[in-house]
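Going down the list, the sequences are from chains P and D. The first sequence maps to residues 1 to 329 in this note's numbering. The second sequence maps to residues 1001 to 1595 in this note's numbering.
Simulated from the structure, these hints should not be mistaken for lab results. The C-beta atom is built at its ideal place from N, Cα and C for all residues, glycine as well. Hints are not guaranteed to be accurate.
Which residues of chain D face chain P? A partial, calculated answer using Cβ under 7 Å [what the hints assert, rightly or not]: (1) Arg1042; (2) Ser1068; (3) Ile1078; (4) Asn1211; (5) Arg1515; (6) Leu1583.
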Amino acid sequence: MVTVCNVSFMAMFTFKMGELVTDKHVKYILSVEKRKDDFESVVMEHLRMNGAYWGLTALDLMGKLDVVDVNEVVSWVMSCQHDSGGFGGNVGHDPHILYTLSAVQVLALFDKMDLIDADKVTNYIVGLQNEDGSFSGDMWGEVDTRFSYIAICCLSIIHRLDKINVEKAVKYIISCKNMDGGFGCTPGGESHAGQIFCCVGALALTGSLDLVNKDLLGWWLCERQVKSGGLNGRPEKLPDVCYSWWVLSSLIMIDRVHWISREKLIKFILDCQDKEKGGISDRPDDAVDVFHTYFGVAGLSLLEYPGLKPIDPAYALPVDVVNRIFFKK
Amino acid sequence: MKNSGWKWVLSKGHSSIDKELRLLDAFQKADPRNFHAWNYRRFVAALMKRPDEDELKYTEEVIGANFSNYSAWHNRSILLSNLLKRKAEGYFPKENVLEGEFELVHNAIFTDPDDQSGWFYHLWLIDQTVKIDAPLLVSSWPSHGFNITLQGNKCLHGSGLCVLNSTLPNTGTLPIILYFNQAVEGVNSSTVNVKSELLSGDLVWKPLSTNNSNNAQVWVAYLDIRNLEVQLSKTYVVEISLGHSKGIVSSSGYDYGHPSRVTFELCIQTAYTEPVEQQEGKSNSWKDDDFQKFDHLQESDPICSADQVTSEIDHIPTTSGRCEEAVVNEINQFRDLLSEIDCKIGKLTLARLLTAVDSLPSPRANNMVNTEEILQLYDDLMRLDPTHYLYYKDEHSLVLLRQITSSRDSILPYCHYKKTAIEAFAGYVCLRLQNLSLSRMGSIENLLWVQTLDLSHNQLRSIEGLEAMQLLSCLNLSHNKLGSFTALGPLRLLKSLKVLNISYNEIGSHSIDTRRYLCSSPLSHTEEFAWDQFEIFADSIGISAATFWEPFLIFQSLNLTELDTKGNPVADENFRSFLVKVLPTLKWLDEEDLS
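Put together the whole structure using the sequences plus the hints.
This is the structure we're talking about:
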């Protein structure tokens, strides 16, 4: 929808809350994308597909997706797909549901949905649903509600949600609901903001948010905001910028985001920037990485920080990309 | 440890489980909040069939060593739930168990009130103490004991006149609304028995769910009186029975509680006729000057409040005296705490406890004794903890509405009638709730009777729950904080709504929509939407499909005669012409006569 945003409003934001050094962050993300041989890149090699999603979505939110070579990225993504339909974290790496979602999301960002063999990807994901409705991450069987979200999100994007047993999937997620209204990774697992995002997101995409106790969960989530204005992931833990996404998007999906102080959170995220070299870190004065850069920018988008494209809290993609996915069905 | 490979090894007996548990103990001592360790512990305990009681003892040891261990409290809640549910030996009755748990968690909270570890466990204990698992009927419309007279297409309530503005004249149907204490499914003509000479066939019950779920807290059926072969001036009894056969079930699997009956009477003086097209001279006015307060309420006035009898119950449920005792004991504990430390969790918990006491089913005449103190506590919290200001404000609004709707005396000041009413309607009521700083709606179970509602000049961000108000025909939401079209989602279920004022809200000023997934839409697979067709329609009237599909979804299901949207950033000429196209029944737009 229309964003009312005039010059004086922007000036007030930057004066009161600090500035988002967009250009520095764009430079930082591009530099990470280019590096392949330093220690950090080698260690992160297996999850390069996730890294691509984080970096490219952040660029798109800042309106700078066009600085990337579409064809280079897209052909690399496609080269990570296996015969099973699943995608690996990098060329030659085994397929996993985690990277399959990131791959599909990256293709959606570039409006290259027609490159996806929807049936193939669907078969891979359907094969990962278990009898009790849960999802495994790959053929080795680890079960986690994160994978439920990934399956539901991925299939929704390629318009194949009806191919899994949605009712059982929802039932399994609800079996992971805790006394505090939150969700864990498996039944009985402690509530954690990351898992809560996955469960609430999955329930949102399947129209099942009526099964969430929004007031109870909303209170637990809003109490993640600590004195510094940042958000932690569970009680008595340190704040971290990544929770600006997981806690925040959960609050937005259940319409309780007004229960935290937006101004304080914006200030916290902006304080986590490296204003010299670009990038955002987990908390002020720590080392930056592309993971936290994405979550910081995505969080600011959810907080309606001026100059950023709005992001959809459930699909974790820019709203215009989600609209395009559905309009171009 | 999370490696499913090792779990496989262990489960095949290829390693000692006891040794595994001892290793875990050591690991958890070093890292007591590691949730992988707790998950693995749960796996190992299940494998060795370790009793829940033993695991419960373990959590007690961990908490004893350091109460600041949320993971231990969480695990305790899981284990205790299981033990309570299966009424294990030593864990029944639950009141005994909960008493001990309250004592345990007091240590945590009172030692360091700023440490959150015990807060959520304590809230869970309160819930375990006061909750009623079984779904029950909380209110209905028509209410138990009502009598309704129908004169042509007017509906007269009691001996006064109560015109059902839209439903009856336009559709010839009377809604029957059932409001439960929680969401249920399985409400249908087999589980809800409606006996009356007026009925020719089964009623069709519909869940009032904003995301098209078959699970809802409020259900409605429509009694069709158009083609009835009725004896005029005869009083017909309608008897609704619930819970006599199984089928109504909550989402946690509990069956409807006690069999109950709601009975009302219907008398038809003159037969129903199709309404004549009314020539409205001017649009609906909401101005103060046009309204007059009621100075007293008559028996016959169609106003309901919380203190009325909901239904006839075959078997009165035993109210637990121990439950009230436990809550009162907690109240005293927290008053003691607050006398020593002025702390947030103290005030918040006290407010919640006092609210719980006020909500307990009780034969006491006045249930709302604690309202003033509760409101003051939330005011204090807004000052003490400004970060969460709007959380306390929402709670404040809920308490205020509960108090206003609690009795006929408390709701009287808000009941008005139109001075210039065409006929001398003694019973034509407009409920005016403006300027109350309401940030949230509540107590809707007490507002089912309302046909005209003024909620203007508040701070409403959503109208969650309003879908239950099936009689609503005129609604004023101007000067609030509604930030998106999806916030209007509940209105789609209001068949009777004719006059709507949403002027001076914030629709169009937010880039992020917080109601999107709480409203049925194609994005959440709860609605079919012909994207291609809509794109063609949008092109034909020169608007952007991506921008207008949401308002299209909302407005195309409304049958408004009057709409006011000015003062919203989105309300420009394009939007106005879009509205005129999408609402063919519209006669007035932004106070302009369209004819």
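### Message
Tell me the numbers of any earlier hints that the structure contravenes, in ascending order.
### Response
When the structure is compared with the hints, only number 6 turns out to be violated.
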